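**Q** Take a look at the letters that make up each chain.
There are 2 protein chains.
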Amino acid sequence: VNAVIVTIGEEILIGQIVDTNSAWIANQLNLLGIRVKKIISISDSADEIKSTVYKAINDFDLILITGGLGPTNDDITKQALCELYDTELYTHVETLEHIRKIFAKRNLPLTYLNAKQAEVPSNSEVLFNPNGTAPGMLFNRNGKLLIAMPGVPFEMKAIMEIHVLPRLASQSGGFTIVHKTVHTFGLPESFLAERIAEWENNLPSDIGLAYLPSPLSIRLRLSSSGINRDLIEQKIQNQINGLLKIIPQNIFGYDDDSMVSVVADLFLKTQSKLALAESCTGGTIAHLITQLPGSSNFFIGGIVAYSNSIKTNLLGVDPNSIELFGAVSREVVEQMANGARLKFNADFAIATSGIAGPSGGSPEKPVGTVWIAVSSAQKTVSERFVFGHDRERNILRSSITALNMLRQLIIYGEKNVKNEEFFS
Amino acid sequence: VNAVIVTIGEEILIGQIVDTNSAWIANQLNLLGIRVKKIISISDSADEIKSTVYKAINDFDLILITGGLGPTNDDITKQALCELYDTELYTHVETLEHIRKIFAKRNLPLTYLNAKQAEVPSNSEVLFNPNGTAPGMLFNRNGKLLIAMPGVPFEMKAIMEIHVLPRLASQSGGFTIVHKTVHTFGLPESFLAERIAEWENNLPSDIGLAYLPSPLSIRLRLSSSGINRDLIEQKIQNQINGLLKIIPQNIFGYDDDSMVSVVADLFLKTQSKLALAESCTGGTIAHLITQLPGSSNFFIGGIVAYSNSIKTNLLGVDPNSIELFGAVSREVVEQMANGARLKFNADFAIATSGIAGPSGGSPEKPVGTVWIAVSSAQKTVSERFVFGHDRERNILRSSITALNMLRQLIIYGEKNVKNEEFFS
Chain V
40 VNAVIVTIGE EILIGQIVDT NSAWIANQLN LLGIRVKKII SISDSADEIK STVYKAINDF
100 DLILITGGLG PTNDDITKQA LCELYDTELY THVETLEHIR KIFAKRNLPL TYLNAKQAEV
160 PSNSEVLFNP NGTAPGMLFN RNGKLLIAMP GVPFEMKAIM EIHVLPRLAS QSGGFTIVHK
220 TVHTFGLPES FLAERIAEWE NNLPSDIGLA YLPSPLSIRL RLSSSGINRD LIEQKIQNQI
280 NGLLKIIPQN IFGYDDDSMV SVVADLFLKT QSKLALAESC TGGTIAHLIT QLPGSSNFFI
340 GGIVAYSNSI KTNLLGVDPN SIELFGAVSR EVVEQMANGA RLKFNADFAI ATSGIAGPSG
400 GSPEKPVGTV WIAVSSAQKT VSERFVFGHD RERNILRSSI TALNMLRQLI IYGEKNVKNE
460 EFFS
Chain G
40 VNAVIVTIGE EILIGQIVDT NSAWIANQLN LLGIRVKKII SISDSADEIK STVYKAINDF
100 DLILITGGLG PTNDDITKQA LCELYDTELY THVETLEHIR KIFAKRNLPL TYLNAKQAEV
160 PSNSEVLFNP NGTAPGMLFN RNGKLLIAMP GVPFEMKAIM EIHVLPRLAS QSGGFTIVHK
220 TVHTFGLPES FLAERIAEWE NNLPSDIGLA YLPSPLSIRL RLSSSGINRD LIEQKIQNQI
280 NGLLKIIPQN IFGYDDDSMV SVVADLFLKT QSKLALAESC TGGTIAHLIT QLPGSSNFFI
340 GGIVAYSNSI KTNLLGVDPN SIELFGAVSR EVVEQMANGA RLKFNADFAI ATSGIAGPSG
400 GSPEKPVGTV WIAVSSAQKT VSERFVFGHD RERNILRSSI TALNMLRQLI IYGEKNVKNE
460 EFFS
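Protein chains in written order, with the working numbering: chain V, 40 to 463; chain G, 40 to 463.
Among these hints, one or two may not hold up.
If chains are identical, the list can't say which one is meant, so a pair holds when it fits in one copy or spans any two.
Computed list of lysine-lysine pairs in DSSO-like fashion (alpha-carbon distance at most 27 Å, straight line) [stated by the list, open to error]:
1) Lys94 with Lys76
2) Lys382 with Lys312
3) Lys404 with Lys144
4) Lys404 with Lys140
Derived from the structure by calculation, the hints contain no laboratory data.
This structure is a prediction, so every number in the text was calculated from the model and none was measured.
For reference, chain V alone in the conformation it holds in the complex (with noise of 0.2 Å):
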């Protein structure tokens, strides 16, 4: 099954929202082995909509269609769709019904815009959005199946997941494509593909391989297909294993893992408890660890040190350190990891100290520089970078680094990698 994804709206067109709609629905469909072989974004004009979807009925199998239909879109998508199916919108009933309610829940009038949501063209199979007014809308015409959805990306996937992937599963026919991807930090790309160059010249041809890189970590996604997938994924695994052994402390995960769900699966393991001194992360490390469910069961708690006083008043940071060596320093890093760890009754802490930029460098501690400890009772890890000048990227790539050098810490009790390498 070759699938199309078509996003509808100007305001993907004009750059004012990022499409996250398509990669959440092409993951889905790879997942049962669907092919999505193009993602096309138009302008809601009815011409632009009839004949990309009509060409999108002519070459693909699977066309599915988000955005369009909102309150305010004057039914374009809708009537287009009337056009296409050679059909005319009726209403409902049972969609009228259900926003009805949410309006009486809200204690809210029903709006006039708001109920012609419930008019559907009348050969669709209608399918109910939980999440919202906007119903999606099923056609089913010579073995192509289009589905049409709204944009908002929580009504979309309770539409997918309740309707659409269900059935497309029933559908596969047991083929399927297995992805496996391995999630390494420290190596740039280039390097990891000399180191592993040999493994990967000696992969078997039905195993794909994709270098995946972002500015935090290089994946790497290993990919093959067919109908046994216990034999598919082993046949993956054994790969794995291979490369295990030449980039074993590169390898900090795999899948849907990120460094901080790796760091959280270690306290968990261990029952060990976390606290945070967060000077230039300023509270995106315990903003990641908080976004996990379940986190409360080991992150106690952090202080933000945006100002000295703050360091030296709540961290126990000693006064003249700061004096002689600067706040953006070893001796100062380690007393805000120990100050936190001590403070919050923690078994480890992460603390960060450094000049985020844009401004706030100078010649010996330019834009970037950053120190980073992590402590236990037994020992305390620093070590200094030097990141770009992008705020951003600096706070970002500082947390993700602090996290590596916790995780490191916890497993093998003191740094081994030389994440400089990856940075420099």
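Based on the hints, put chain G in the right spot on chain V.
**A** Below, chain G without anything else, positioned relative to chain V:
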């Protein structure tokens, strides 16, 4: 000028990464009056690249390609461009020298794969990439401009800003599109639409209006085009002045403003200082604030009080209040706010305490229940919200709502807008 953006890479089609490049490019082109009519994502197969780019050259005046140029891409994109433009690859000496320098600076040997990135089609103009090893390439034939760039966002952006945008600006002949975006908070889309219906109906026909909803705010984008930029801007501003009379308290900012940047501006203007006591938002408010350059001028620091002991020990919350009312209560959140304000010697403070989910709810306090307090020396305002079941959304909604309450406390001295309406 009609433009198309083509992104090349399997990782977008399988949903492993979100295409943020296209939104950025579209936004930049739009400011030059260049309309992006289509955004297309395809895989890095030679056939797909050739057929899509061939059609793009036929249908559009300007073709922008990102991706498919990494050191591990096997030159598929460059070979396809060679075939389309009937030419061959050669080694661009200046680029090779640039790559050499990057590696020398890192004290690393030059790899074969990286050296190959200096190869470009012989009839293309090479666009220097200061942030990476893969150069951009420009083809100009029959008045059609095709530009291929690497997919790494900060490399693409550098090439666009240095080479592409200045060139396009000089060709635009003064024609320009003006967009002005109004950010509103506190009214759901259909309510906003009804509230401003009369204003909307009276808009001049040469001003376009678009609703851009998001979970956190509804943006209204007014657009118009022509030659005289000042005149267009004035025409749009007149309409916004009318809108301001209808929903004064719901409008919190314009264009690139965000809730956090608006609050930051208020602090800088009034030279006041901010402290935070975050429980359920877990550092997210601190993270949002410290992303802003210059936030150290008003943000002193915060405490992420994830455990109750931190609330009592560091923020001075009365343990009896936690015992009697629970950590998620008006009493506790107000004490947290005032505790943080006094502890950090700040003028204003925000405190949050809630059940972000997905677990931890009870019949009286279901998942999504959040208490937020904002406080100054003169006044403490607190309010209870019941958001949804999604942890990340609850955290973000709580954070933005808290910032909005703070904004209102600073501007109006008390809360005037019914936040609940938005989230009910």
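**Q** None of the hints should be skipped; say for each whether it holds.
**A** Results for each hint:
For a Cα distance limit of 27 Å, the shortest separation of Lys94 from Lys76 qualifies both inside one copy, at 14 Å, and across copies, at 16 Å. Within a single copy, Lys382 and Lys312 get their C-alpha atoms as close as 12 Å, and across copies as close as 25 Å, so both meet the 27 Å cut-off. In this assembly of identical chains, the alpha carbons of Lys404 and Lys144 lie at most 27 Å apart only when taken from different copies (19 Å versus 58 Å within one copy). Taking the closest pair of Cα atoms, Lys404 and Lys140 come within 27 Å of each other only across two copies (23 Å); inside a single copy the shortest separation is 61 Å, beyond that limit.
In terms of the numbered hints stated before, the structure departs from none.
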